[in-house]
Amino acid sequence: MTVLVFVETEAGQVRQASRSAIAAATKLGDVHALVAGDAAASDAAATAAAKVPGVARVLKAGADVLAHELAEPLADLIVALAGDYTHLLAASSAAGKNVMPRVAALLDVQPIPDVMAIVDADTFVRPIYAGNALATVKSSDAKKVLTIRAASFDPAPAEGGSAPVEAVTVTVTDETSRFVSAHTPVSDRPELESARVIVSGGRGLQSAENFHKYLEPLADKLGAAIGASRVAVDSGYAPNDSQVGQTGKIVAPELYIAVGISGAIQHLAGMKDSKVIVAINKDAEAPILQVADYSLVGDLFEIVPALTAAL
Amino acid sequence: MKILVPVKRVVDYNIKVRVRSDGTGVETAGLKMSMNPFDEIAVEEAVRLREKGAATEVIAISIGVQQAQDTLRTALAMGADRAILVLTDESPEPLTVAKILKVLVEREKPELVFLGKQAIDDDMNATGQMLAGLLGWPQGTFASKVEVADGRVDVAREIDGGTETVSLALPAIVTADLRLNEPRYASLPNIMKAKKKPMETLQAADLGVDTTRRLTTVSVSEPPTRKAGVTVSSVAELVEKLRNEARVI
Numbered sequence: 001m002t003v004l005v006f007v008e009t010e011a012g013q014v015r016q017a018s019r020s021a022i023a024a025a026t027k028l029g030d031v032h033a034l035v036a037g038d039a040a041a042s043d044a045a046a047t048a049a050a051k052v053p054g055v056a057r058v059l060k061a062g063a064d065v066l067a068h069e070l071a072e073p074l075a076d077l078i079v080a081l082a083g084d085y086t087h088l089l090a091a092s093s094a095a096g097k098n099v100m101p102r103v104a105a106l107l108d109v110q111p112i113p114d115v116m117a118i119v120d121a122d123t124f125v126r127p128i129y130a131g132n133a134l135a136t137v138k139s140s141d142a143k144k145v146l147t148i149r150a151a152s153f154d155p156a157p158a159e160g161g162s163a164p165v166e167a168v169t170v171t172v173t174d175e176t177s178r179f180v181s182a183h184t185p186v187s188d189r190p191e192l193e194s195a196r197v198i199v200s201g202g203r204g205l206q207s208a209e210n211f212h213k214y215l216e217p218l219a220d221k222l223g224a225a226i227g228a229s230r231v232a233v234d235s236g237y238a239p240n241d242s243q244v245g246q247t248g249k250i251v252a253p254e255l256y257i258a259v260g261i262s263g264a265i266q267h268l269a270g271m272k273d274s275k276v277i278v279a280i281n282k283d284a285e286a287p288i289l290q291v292a293d294y295s296l297v298g299d300l301f302e303i304v305p306a307l308t309a310a311l
Numbered sequence: 001m002k003i004l005v006p007v008k009r010v011v012d013y014n015i016k017v018r019v020r021s022d023g024t025g026v027e028t029a030g031l032k033m034s035m036n037p038f039d040e041i042a043v044e045e046a047v048r049l050r051e052k053g054a055a056t057e058v059i060a061i062s063i064g065v066q067q068a069q070d071t072l073r074t075a076l077a078m079g080a081d082r083a084i085l086v087l088t089d090e091s092p093e094p095l096t097v098a099k100i101l102k103v104l105v106e107r108e109k110p111e112l113v114f115l116g117k118q119a120i121d122d123d124m125n126a127t128g129q130m131l132a133g134l135l136g137w138p139q140g141t142f143a144s145k146v147e148v149a150d151g152r153v154d155v156a157r158e159i160d161g162g163t164e165t166v167s168l169a170l171p172a173i174v175t176a177d178l179r180l181n182e183p184r185y186a187s188l189p190n191i192m193k194a195k196k197k198p199m200e201t202l203q204a205a206d207l208g209v210d211t212t213r214r215l216t217t218v219s220v221s222e223p224p225t226r227k228a229g230v231t232v233s234s235v236a237e238l239v240e241k242l243r244n245e246a247r248v249i
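Top to bottom, those sequences are chains A and B.
Going by UniProt numbering, the first sequence runs without a break in its numbering and finishes at 311.
Going by UniProt numbering, the second sequence runs without a break in its numbering and finishes at 249.
Quick caveat, the hints were computed from the structure, so don't treat them as lab data.
As the structure is a computational prediction, the values presented were derived from the model and not from experiment.
There may be inaccurate statements among the hints.
Per the computed footprint, the stretches of chain A lying under chain B, defined by three or more beta-carbons under 8 Å from a beta-carbon of chain B, are [said to hold, decoys possible]:
1) 34-40
2) 57-68
3) 184-192
Between beta-carbon pairs, the in silico distance windows are [stated by the list, open to error]:
4) D188/A x R247/B: 40 to 48 Å
5) S194/A x L31/B: 30 to 38 Å
6) E254/A x S221/B: 47 to 55 Å
7) I191/B x D43/A: 28 to 36 Å
8) V119/A x K52/B: 26 to 34 Å
9) K227/B x D188/A: 48 to 56 Å
Positions of the beta carbon are idealized from the N, C-alpha and C atoms, including for glycine.
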């Protein structure tokens, strides 16, 4: 069996979430990696993808129409290449979730999102109800369209391979959709999905000012990414893309420090696979304490600076 | 401009479901059911577009069992003009839902279909994208801002690392993310008025759509539970545990 993985790159490297998708794909068969972008970006992406161990071949699609990962031309491209592949995969990233269901519909397939485990070539485990239940589902579709939950598969290394690169002819066009602009602030911090340590804040921080003042020094000390609960995001303490939870980012770092987060089920869904969870909360009854390995009950405005100083 | 808004009846977001002991699914009997929260946001945005004069009619659609009419009444009370209930025996898969919606789109000829980005029961996050694919329409998923003007819809989308804006030619599909708006509560007079708004009922079987399921649920299980942790009494103890016991710092 040969499987096709749509791969995203960033700053000359394959994104960690895509390397998790590649790792998952190697359990299914030989892996072909598809990179797409304008001519220059697809060249750089192909070079990066070729280095990932486990990739047998890189398909490089370079064309201006593919410059911004717009779902419409990208889905048409993947469908045009779908041919004999038994499985089409992508990470459960914003781009993967955007394009893969469209691909599936065009192929008359029911997609299987957020795959956490591969039982066999037809059978997969995925979370439902915010991760409060795990469903094992078997697909009768001839071709499977999957997105892979990054936190569930150890990523393939970024370096070590040397797969051949094959340029594919791009005939797709798209006049219905146009990229206008992107706002993606550059941060020195690691990405949430690939961070070893995450410091995450909630309602208990009480203001955007406090959120930054208390969490940033702690995150700096730990080299951590900064996450947030939905309330913290809705209240404007933290940007939208820092939300951890059912409908935000799903993370599984080695250490997750929840500061002033009560632990709604939607938040727990996004972080309860973390290796070690620390909860700092003034409420001894907060649900987050039930999933925490270490809980410290008290005033976060005293505890967090003390913790930062002690590290 | 007509807007279609599909809405799904789901277990209320405040309820933690339990897996059935025989592993066939989750227990939903007797639980409070509500409109999927993302669909509420979609209804709100569609109603706001009509109130601003950018749309002429908002049509709510639900696909499922008879009780889904309660969900449609909620949409009508929020301001939708009329409703269509498509009856099915069980909760259909996104592929089937998208095919049924396609039939209704061809009949109603809307310029915009506004959906929630995902339902909080199956967490598929697929129907909007699939409908867009079946119709060959552009899609603006995970929307945090929407502007309609001059035959196009500009959608600010939540992506990894920030936001991006795309401009789509109408007709188009938009799926709502959390920060698009804060849905209104239906007032009592509007709930009363909603009872008089038209609701059409159709049978899925009459729409000529293949409803065969592609996915069979083999089993449903509880996720592994974390073992109980400990409460530490001081920052010093916490740091000691993280260093020497958990070895993560």
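Hint-by-hint comparison with the structure:
no.	hint	in the structure
1	34-40	violated (count 0)
2	57-68	violated (count 1)
3	184-192	holds (count 3)
4	D188/A x R247/B: 40 to 48 Å	violated (26 Å)
5	S194/A x L31/B: 30 to 38 Å	holds (37 Å)
6	E254/A x S221/B: 47 to 55 Å	violated (26 Å)
7	I191/B x D43/A: 28 to 36 Å	violated (59 Å)
8	V119/A x K52/B: 26 to 34 Å	violated (50 Å)
9	K227/B x D188/A: 48 to 56 Å	violated (35 Å)
Checked against the numbered hints above, the structure breaks hints 1, 2, 4, 6, 7, 8 and 9 and satisfies the rest.
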